[in-house]
Amino acid sequence: MRYIWYIIYNFFLLPIMVFIGIIGVIFNKKIREGFFGRFNTDGGLDDFISSLDRNNQTIYWFHVSSHGEFLQTKPVLIGLKEIEPHIKIIVSFFSTSGYNNIDDNIIDCKIYLPFDFPWLVRKALKTIKPKKLIFAAYDIWPNLIWTAKAMNIPTVLFAAKFKRKTKKLMPLVRSFYQHVYNNFYSIYTITKKDDEKLRLILDKSKNMIIRVLGNPRYDQVNRVSDQYSIEHTKEILNRKKSIILGSMHNEDKKNILDGLMNLLNDNNDIYIIWVPHEPISKNINSVYDYFLDKGYSVKLYSEQNKLGTDHPRIIIVDVVGVLSKIYWNGIIAYIGGGFSTGIHNVMEPAIARLPVIFGPYYDNFQEAIELIDLGGGWSINNNKEFYNIANKLINNENFLLNASEAATDVIHNNIGAATRVVRGIIRD
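For the sequence shown, our numbering assigns the number 9 to the initial residue and increments by one for each residue that follows.
In short, the hints are calculated from the structure, not lab data.
This one's a predicted model, so the numbers in the text were calculated from it and none came from an experiment.
Don't take each hint at face value.
[As the list claims (entries may be wrong)] Restraint ranges, calculated between C-beta atoms of paired labels, are given here:
1. F20 <-> S348: 25 to 33 Å
2. D111 <-> L300: 32 to 40 Å
3. D54 <-> K171: 45 to 53 Å
Don't be surprised by glycine CBs; every beta carbon is placed ideally from N, CA and C.
Put together the whole structure using the sequences plus the hints.
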């Protein structure tokens, strides 16, 4: 059956994916950039490897999908280099959002993931000769995994998670993924439920190492929050009453904007900091003009020297890379994506002591589920629900304080996964 799936993948599934990718190249700038960027992978690897003394050099190859998965991986990279300071780390990215936005000294070589053709991944593996090939979360590629197995290169998957109603348990799909996952040397899941789903997919896992080690993303969020030690001393009741709207999509705007306007009208002492998911001119101008037409004072974040006591009712963030810091200037966070693709990062506002509100598409995010369970987060379906929970948080100090503490507890209760993953990579 393994060879049947190899044939099906390489002669049917992979060509379909390539065809879709080529169509995407024509119409989508990001896909086009990533597609052509992969043609530089071989040269980049050759240049990097030729600069090393291969007789004494240990290389780990990490693969992440995008920017978010790199942040999840970073505490693992830091921990690994603390224990083995002389190793080299190669990180491959699938998406342009990761490749273009990550410039980190912890990485020794940054590449786009090669196209998943057998001859290309074999060439990359022969060039790198990694001690281990390590995947983060979910972006796994069959030929890369199968080829590494054939070359006796151990492969690791960490922060593995599965949707509540994962299609990977459907008979035919399960058979395919069984023949992919069975070629891993070790798999580390986030939760016990993920572990149970993985074992159902694998059926009998032979000599594979399977452990529940948690999510290193909590460690990264906690580490970054330490940069804001001054803000740490600010109790939430002493902050300006700002609602931070992070990673906003158009669908979020449709489902909370009326409720937001009611909040502004009913509470003269609250402020809004609006952060678009994509801070392009079209999105920024649309929000800017809307609030201006409603008679509110509006400014762009880039026009502000500091989020101090004199800022206008509405600030629109028109730069990237500042959201995690901005959360420390608020008392409530709404996180976008929950009415479309799935919610964005709820950990950053939680560590900043903010109660977190988000849309209904959160089932695939364990941290959101934990926020709801502990009383630090809420899922809403419409404007009315958004207004009701936000208004209660604004006007009930005890409710706000309890929710703030619960949100932070979710992070603190999960710290330590990065250390466990590093230990597994080294010892298993």
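Now the hints, each set against the structure:
The given range of 25 to 33 Å is respected by F20 and S348, whose C-beta atoms sit roughly 30 Å from each other. Separated by about 36 Å at the C-beta atoms, D111 and L300 satisfy the suggested range of 32 to 40 Å. Between D54 and K171 the CB atoms are about 39 Å apart, so this pair departs from the stated range of 45 to 53 Å.
In summary, the one numbered hint that this structure violates is 3.
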